[in-house]
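K.L.:
Can you build the whole structure from these sequences, using the hints too?
There are 4 protein chains.
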Amino acid sequence: MHKVGIINVTGYIGMELARLLHRHPQVKLASITGRSAVGQRLGELLPHLANIDLVIEPELGDVELVFSALPHKTSAEALLPILERGIKVIDLSADFRLKNARDYDTWYDFTHPAPQLLDEAVYGLVELNRSSIASSRLVASPGCYPTGAILALAPVVKEGLIEPDIIIDAKSGVSGAGRTLSLNTHFSEANENVSAYALDGHRHLPEITQELRKLNPGLSLSVTFLPHLVPMSRGILTSCYAKLKGGKEGVGELEKAKVKEIYREFYRGEPFVRVVDAPPQTKQTWGSNYCLIHPTVDVRTGKLIVISCIDNLVKGGAGQAVQSMNLMLGLQERLALEEAAVYP
Amino acid sequence: MHKVGIINVTGYIGMELARLLHRHPQVKLASITGRSAVGQRLGELLPHLANIDLVIEPELGDVELVFSALPHKTSAEALLPILERGIKVIDLSADFRLKNARDYDTWYDFTHPAPQLLDEAVYGLVELNRSSIASSRLVASPGCYPTGAILALAPVVKEGLIEPDIIIDAKSGVSGAGRTLSLNTHFSEANENVSAYALDGHRHLPEITQELRKLNPGLSLSVTFLPHLVPMSRGILTSCYAKLKGGKEGVGELEKAKVKEIYREFYRGEPFVRVVDAPPQTKQTWGSNYCLIHPTVDVRTGKLIVISCIDNLVKGGAGQAVQSMNLMLGLQERLALEEAAVYP
Amino acid sequence: MHKVGIINVTGYIGMELARLLHRHPQVKLASITGRSAVGQRLGELLPHLANIDLVIEPELGDVELVFSALPHKTSAEALLPILERGIKVIDLSADFRLKNARDYDTWYDFTHPAPQLLDEAVYGLVELNRSSIASSRLVASPGCYPTGAILALAPVVKEGLIEPDIIIDAKSGVSGAGRTLSLNTHFSEANENVSAYALDGHRHLPEITQELRKLNPGLSLSVTFLPHLVPMSRGILTSCYAKLKGGKEGVGELEKAKVKEIYREFYRGEPFVRVVDAPPQTKQTWGSNYCLIHPTVDVRTGKLIVISCIDNLVKGGAGQAVQSMNLMLGLQERLALEEAAVYP
Amino acid sequence: MHKVGIINVTGYIGMELARLLHRHPQVKLASITGRSAVGQRLGELLPHLANIDLVIEPELGDVELVFSALPHKTSAEALLPILERGIKVIDLSADFRLKNARDYDTWYDFTHPAPQLLDEAVYGLVELNRSSIASSRLVASPGCYPTGAILALAPVVKEGLIEPDIIIDAKSGVSGAGRTLSLNTHFSEANENVSAYALDGHRHLPEITQELRKLNPGLSLSVTFLPHLVPMSRGILTSCYAKLKGGKEGVGELEKAKVKEIYREFYRGEPFVRVVDAPPQTKQTWGSNYCLIHPTVDVRTGKLIVISCIDNLVKGGAGQAVQSMNLMLGLQERLALEEAAVYP
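Protein chains in written order, with this note's numbering: chain A, 1 to 344; chain B, 1001 to 1344; chain C, 2001 to 2344; chain D, 3001 to 3344.
Bear in mind the hints are in silico, worked out from the structure with no lab data behind them.
Not one of these hints is a red herring.
Derived PhoX-like pairs: lysine-lysine, alpha-carbon spacing no greater than 25 Å straight-line:
(1) Lys3245(D) with Lys2245(C)
(2) Lys3245(D) with Lys2243(C)
(3) Lys2028(C) with Lys2003(C)
(4) Lys3158(D) with Lys2243(C)
(5) Lys2245(C) with Lys2158(C)
(6) Lys2099(C) with Lys2158(C)
(7) Lys245(A) with Lys1243(B)
(8) Lys245(A) with Lys1245(B)
(9) Lys2243(C) with Lys3243(D)
(10) Lys1243(B) with Lys158(A)
(11) Lys1243(B) with Lys1256(B)
(12) Lys243(A) with Lys1245(B)
(13) Lys3243(D) with Lys2158(C)
(14) Lys3158(D) with Lys3256(D)
(15) Lys245(A) with Lys260(A)
(16) Lys1158(B) with Lys1258(B)
(17) Lys243(A) with Lys158(A)
(18) Lys243(A) with Lys1158(B)
(19) Lys2245(C) with Lys3243(D)
(20) Lys243(A) with Lys1243(B)
(21) Lys1214(B) with Lys1099(B)
Reference listing, derived: stretches of chain C covered by chain D, where coverage requires no fewer than 3 residues with Cβ under 8 Å from a Cβ of chain D:
(22) 2161-2175
(23) 2229-2237
(24) 2279-2290
Cβ coordinates follow ideal geometry from the N, Cα and C atoms, glycine included.
P.N.:
In structure tokens form, the structure reads like this:
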């Protein structure tokens, strides 16, 4: 059994990591820390995790690999000494996702404390970076929106099939905003309500563009990304729009079939991505690590439309981090992640 | 008091019409019909309308103006003899919205029974057609999606400020699908779920393009419209994307202010459209006849983004039909429609 | 026009008062204060109230009557000088509801600053205290739970038809907990969740027992009250259980009819209480001032069951306060309160 | 591997059985039937079950044990020939739960086709009937409401600690009403709504009284059971009220501790029942087989209050049926059932 730990287990990503790791047959969750609630039993604080017999500690214990579910800035600071102890790290904050250190000043309002590590850190989207994750000691696990958006667009971006202008319209459940209280996530305000936010630019935009451009540097992508809050706890549905190269009014069913085939080919053999024939629904991924993708073409306008669905806390958070962990520890990638979604 | 009637009062649009008309100071709801429940008191069937002392009748009584809340095809058939009786008509179905009779074969699977009326019928979007509505005997009240989309886009389309490719990504509450039972609108399926639908073309698309093109025939608009179902009862949030003419990466704050000014000017004096500075939320229009519009520019990509919010059953349904009625009866446009949204 | 004011307009009760008062034909909302947001336009802070052209002030202006939507303790303190200015007061906090000053130490953790006023204050449940409200200068508007519970039980308590043991099981929407942030009302926690709370005694219990006992001092009532939080924004459904005197297994349909008749008689002519034949649903009162009551008998066990429904922010809050105001200002009781519920 | 089957996999209970059985390490789901969708792949119909490679068949294949998720009446009819084939049966309908055949005429409107089997059938509440389930060939798996209610009350009923009058006020998510369409479960009607139903007697009442009386025949129980629908997909919270024998106003904290100790003792060692110190929330059991129980005493009135929580489709449905299956097949009781709840 490999011993692993979670830093900041008390947020939504942290508790979801605990839920998934507890069922892992070859990994032992050995140490959990919290920014509050130190000294409490996990099951006291979070009754759904009563089966996990651990106490929240002030400091990380002796482990082989650690997940950080700290907020950005705090996470990088906490992880530097841990890396020096030789512990492998999967960071679920944004702190090692961006390659350009100045982006942290621009988007996250802090100066990165260890810019030298940004090059080394591997972006933890397994479907794109499987082998480099396996050999890495520092994985930057993707944000929830980027996971849904990049998986939806990677095949056509890589193949260069679209014009550079992309619209990403994403709809997220409220847990994506975390457990920290705010008026926007107060039940009576968020319930029976839909809204767009971050119209001046969401922090996940540089991550999306960085990774998509890497797939096809010649494409000169221009990405508009608009997130929306919808009244549900979990799930992200991402609707992506781009003009097919050579696309015009009247492209036919043939084009649709061709696009679908490209997606099937791109994701062939992927354990957690399913290219589906019917438009997917977020609920079909509830609690699971699957990403459902439905590519199609608006034959009237020649536009590519791709819809993807994930559970923001699993494939968009804790689940894909565990997927990376499996690779980093030399384990089978699927372990602890094959549970079906809970529906309805 | 002007006497008016409602055909098919038992659906969501019909009951909302009854709610609004009952509070009208100069109009008397005098006759209601239903496809079921004939002979029942309205308040028995719909307890929230217990104050309305009317029985559901098999046939429309003696009225000056009638609202039809029948489904398409049935509505046109029912309205032809009523028009001949000299009764003014506001049809909330799609049956008189499209100018090209063949569109009914294509989009609604029936051959229109009275194509000669299509030219005469006035599209009941008061903000665009105020005076022709006032003098009309047959108003085709807009669909819920078109209301949100056209109001969001009319100013820039009319002014010719955008490139012809438009993306309309709309998120609707479930009442938009009506009161007829279906698995998609079964609580346990629709709750905690978001999905896109009608990817092969939604029936509201021809209505949107027809009305937008009318505003600027030279623009050669190419519209992609994708509706989504979100887990709430009421509300539509519409996110529209288009490239500003001359728009490019790096257009600045100036462009934003210019766009906002164009919207303010376009809707100056409109009683039910508010151009707002903060991104609006559907809940801010819950139960009310207001449409909130927030235009902005993605300064990174030169894209225009416009967000609009309505209550699909009021401004997107019964409310704007009453607004048309006020004009057709020579009454003050605001009557019975100025209630604030119920929040939270 | 009578000029009135609202102290602390920025909470849910405060903003609901503003919504209702703005539509009042004989009252002018002339002054609003807030604990935050002083200097802001109301419609800036609360877009759904954009039609109300008022700025949030630090101090109450010149008015004839004022509503306080402050929290308990703060409210009494703020109202004492206002009463001295000769302004009529409707307090929506608990500060003048209880007759026994020591109850404030026990249940609300503070020593009442003006115990001499407790006797004078009239409990603002119009259905029970109509005439004393009309002549009062200080009305203590009831809590949301007590409104639903007392209206459900008053007829049988007054008539002495039940044994003294009463169970009140209430289910409330989340807005009852107010606009102050807390983990329990964080969307992701409250959504898709039901729970009981305050099992050691809810602050509304002394209010319920005080008012019910007043109706029938000889009955020696013993009340168990358990509130529950359900995932919706508005509404309280209250299920009450008590043994009918002489009730036993096998009491028949006759008993049911008799009970219903007692309720109809008790509430005959009441504008806002409806005794209904079918079990009511909270949604049938959404946004309205109506209370629906359905009394029945479990013929197997001889138990009385009474279900009542209200909108906690209207009949259980702002609405019944306006009802009291109408009486205190000598106006028609129904003014500004007859809007139907918004359904669905 | 033991081969098992599901009759009528397409309802909510059926699909939940498939989800749980697919993860079972020692059981193979070998045959599934449906009343519709025969010939379709399961994953086509239910995308969340895409990993299960089975086609919906018209007839049950060769299995050792079968679950029936058919509606009542249909289920008994379908199971009789299957029992004759020597296949073990777990029936999730009500058809073998009641011991008195005439109760089927009274409560379910049909004459039982095999009254001789009612005595033999074992009520599948493992916590009460573990050993008889293990040796049975026909288990009647409990209804969702009875599961929550009986587990909440069994300890005090068995010990004879309460007076005979019991109130059970249950709040259920909408999936309890199944997948069949109805206006009550139409999203726009059920959302933002709470209501009581079946005030003349719910079908689960005879099941609750039968099993509770069996625990203590001398107690002459008189049970009032009132179910409520709340706007969430899953979960039942059951609030039970009864007078403690010798209970009176002023019983103290000692009584509370004593009651809790009785519950802890009664459920000691139970793998899926947790007696908890804080009032439980349905969400803490979401998707899991756990039942949380919180017993307490209203010290003001001497009333026992017990709150229990389950997921109606797991512990109240498919999960406890799998628990019975494990016993019937001689497997470890916990298998496939230890997953933590998915929270939030």
